[in-house]
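A.B. asks: Sequence:
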Amino acid sequence: MSDLVASQPPAVTLPGDRYLNRELSWLAFNQRVLELAQDENMELLERVKYISIFSSNLDEFFMVRVAGLKRRIETGLARKDSSGMQPRELHEAILAESYSQMKELAATFNNSVLPALVANGIEILRWDELTVEEQERLSVLFAEQIFPVLTPLAVDPSHPFPYISGLSLNLAVLMQNPDSDNELFARVKVPASLPRFFEVSLERFVPLEDVISGHLNMLFPGMKIMQHHTFRVTRNEELEVEEDDAENLLHALEKELSRRRFGAPVRLEVENSIDPHILDLIVSEVGVEQNEVFKLTGPLELESLMELAKLKREDLSAPVFVSRTSTALAEVESSSAPDVLEVMRHRDILLHHPYDSFSTSMQLFLEQAAADPNVLAIKQTLYRTSGDSPIVNSLIDAARAGKQVLAVVEIKARFDELNNIEWARKLEEYGVHVVYGIVGLKTHAKLCLVVRNDGGKLNRYVHIGTGNYNPKTARAYEDYGLLTTDPKICEDVASLFNLLSGYGVQSNYKRLIVAPKELRNTLVEKIDRETANAWIGLTAGIRIKCNSIVDETIIDALYRASCAGVKVEVLVRGMCSVKPGIPGLSENIQVRSILGRFLEHSRVYEFMNAGSREVWIGSADLMHRNLDRRVEALVQINFPEASSIVQVLDLGFAPSTSAWHLAPSGEWIRHNLDADGEPLIDFQEYLINNHPIAKSGADNPTPRLINSILNKVGLGER
1 MSDLVASQPP AVTLPGDRYL NRELSWLAFN QRVLELAQDE NMELLERVKY
51 ISIFSSNLDE FFMVRVAGLK RRIETGLARK DSSGMQPREL HEAILAESYS
101 QMKELAATFN NSVLPALVAN GIEILRWDEL TVEEQERLSV LFAEQIFPVL
151 TPLAVDPSHP FPYISGLSLN LAVLMQNPDS DNELFARVKV PASLPRFFEV
201 SLERFVPLED VISGHLNMLF PGMKIMQHHT FRVTRNEELE VEEDDAENLL
251 HALEKELSRR RFGAPVRLEV ENSIDPHILD LIVSEVGVEQ NEVFKLTGPL
301 ELESLMELAK LKREDLSAPV FVSRTSTALA EVESSSAPDV LEVMRHRDIL
351 LHHPYDSFST SMQLFLEQAA ADPNVLAIKQ TLYRTSGDSP IVNSLIDAAR
401 AGKQVLAVVE IKARFDELNN IEWARKLEEY GVHVVYGIVG LKTHAKLCLV
451 VRNDGGKLNR YVHIGTGNYN PKTARAYEDY GLLTTDPKIC EDVASLFNLL
501 SGYGVQSNYK RLIVAPKELR NTLVEKIDRE TANAWIGLTA GIRIKCNSIV
551 DETIIDALYR ASCAGVKVEV LVRGMCSVKP GIPGLSENIQ VRSILGRFLE
601 HSRVYEFMNA GSREVWIGSA DLMHRNLDRR VEALVQINFP EASSIVQVLD
651 LGFAPSTSAW HLAPSGEWIR HNLDADGEPL IDFQEYLINN HPIAKSGADN
701 PTPRLINSIL NKVGLGER
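Note that the numbering used here gives residue 2 to position 2 of the sequence shown, counting from 1, and the numbers run on in steps of one.
Derived from the structure by calculation, the hints contain no laboratory data. Watch out, some of these pointers could steer you wrong.
EDC-like cross-link-like pairs, simulated, lysine to aspartate or glutamate; straight-line CA separation at most 16 Å [what the hints assert, rightly or not]: (1) Lys80 <-> Glu92; (2) Lys567 <-> Glu587; (3) Lys510 <-> Asp486; (4) Lys510 <-> Glu614; (5) Lys295 <-> Asp280.
Whenever a hint applies, use it, and build me the whole structure from the sequences.
C.D. replies: Shown next, in the form of structure tokens:
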């Protein structure tokens, strides 16, 4: 056998059942969110927040993933997935698991969270539990602010059953005509334009639907109200837009948005006290199957609990966290804002949000560039941004100042389509060049490019990151960003913007890896390099931090690496199709998940590379849509900046850090206590408490502080 052959790892035969189902894996993620809501050691209003997040997550899952699966089943397009599940088998499993979770959520709210709220002076009451004085006050409010908005809709031979819009909360009302004794049915929609909870006295709340049900006699005068029950329908809200004609994309999308609320039903939620005959009527008229009916202990629609989670109760809330200016931008304490472009001319700046402030870094970078008379051009991608966006306002200011401004607006960003269309039109009104990217692809890369005349020489300044340019979510999403003037990175970003706004085929980037053309293949090559290194005894290792990992090609490469002895560590927030810890396949793969007050959103890829460690950050998760149907970009982070990312990964994978561990069966097991029953390190709280404060001449203490923890468990100075 030649040396070349001997140096290659042997071929690995991978078993057919090597993937976890992605949809059931997503439900397992939402179960972890539910476990946070059930954690009695957590601040009470944080538990309320997680109930809301769980509900919102599941609504979107049904509107998109379940709806898409059901549509494919009905059209005959669905096929057995990579986990081996048949479409109808998967649909039934999803319905059973999500129904079980929703019943668990209702029990958690009613039996644990609600009593705890009452014990702390916060009450959510039904109409009959209010005092007479409170009812009288609400009756005045109902007459003035609620009654004019309501539209009772009768159901009889001359009034067909009304259309029930997706996610609307409704009252099904059964009444009797006292003159004829005939039973009559009507539907009343609970208006989403009004607050869900009305405060009748200090921290005593009543749901809007209860206020309405307490005044049904005003809506149906002269009728005898027999019964009333709340119900809710979830519909398919995925958009289907033909993109063959890019010129008409915006108009086609607007037309499709107007049809969104008329999608096919995929779930019916009802209170379990509902009369069987009324339920039969709703089921028949809405058009759902029996296994799509979820009977639950009320109240329904718990996403609105976010209103209560924002109560000003410091004793029941997580301590307030205020992001700090990056030490790289504030080496000297000063009342004036740092000159971001000036700092960039001397060094790269790695940002870690929300620990590093977004407003005094990326946002300030764009604001200063827009106001700088020497800046000639700004190019920016926009996937999701906030309502009153300072990012958009800066682009408008730059255009009004005569600069060349390009905005690549992704108007197909799910559930932000209308918002992005409005931004696109506003930008165009002020002279910004707006493009929608490449036909057939979503532009998901997070890029900003500034061109400045520096004393007669044109220089580029770039921001590239893992998160959206949204100042609001930047306070709650964990993300990395790089501010740099590195010529190779800047040249790559300039080339990518030219591709997005013009024509061309670019594949020879120097410091970027770009999807869809090269990202999957390049990542597989890097994984295979680690496999080969391990086989010949060189230093090898892979660590990945992402939102989701379901791409089979990437997973198979990780399995082969594991078989060659490569230690693979994955920190994933959501879906994961990897089966870790299986002898002969993945015994060297560990998968962890960390959830907390911040949404872990960054994507990081680390390769040991025979001792020449590589660290990459970017916008791409390991999913088919990211690798095949989106423009994504990863950038390599140079050392020493990358050392802080390495240290954070060390902390995330340390045995002393609280996390969920994925078992080979697909079960996630929470490890938040040590052998003595003491709490393990809270990853995010540790980073909050040890975030460096900028001081004159001070170095960055974060690596040293994290190492002090890691040394105790034998993981320091990796």
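A.B. asks: A separate judgement is required for each hint: does it hold in the structure or not?
C.D. replies: Taking the hints in turn, this is what the structure says about them:
1. Lys80 <-> Glu92: Status holds; Cα separation ~14 Å.
2. Lys567 <-> Glu587: Within the cut-off at roughly 9 Å; holds.
3. Lys510 <-> Asp486: holds (11 Å)
4. Lys510 <-> Glu614: Since the Cα atoms of Lys510 and Glu614 sit roughly 14 Å apart, the hinted pair holds (cutoff 16 Å).
5. Lys295 <-> Asp280: Given pair Lys295, Asp280 holds - Cα atoms ~13 Å apart, limit 16 Å.
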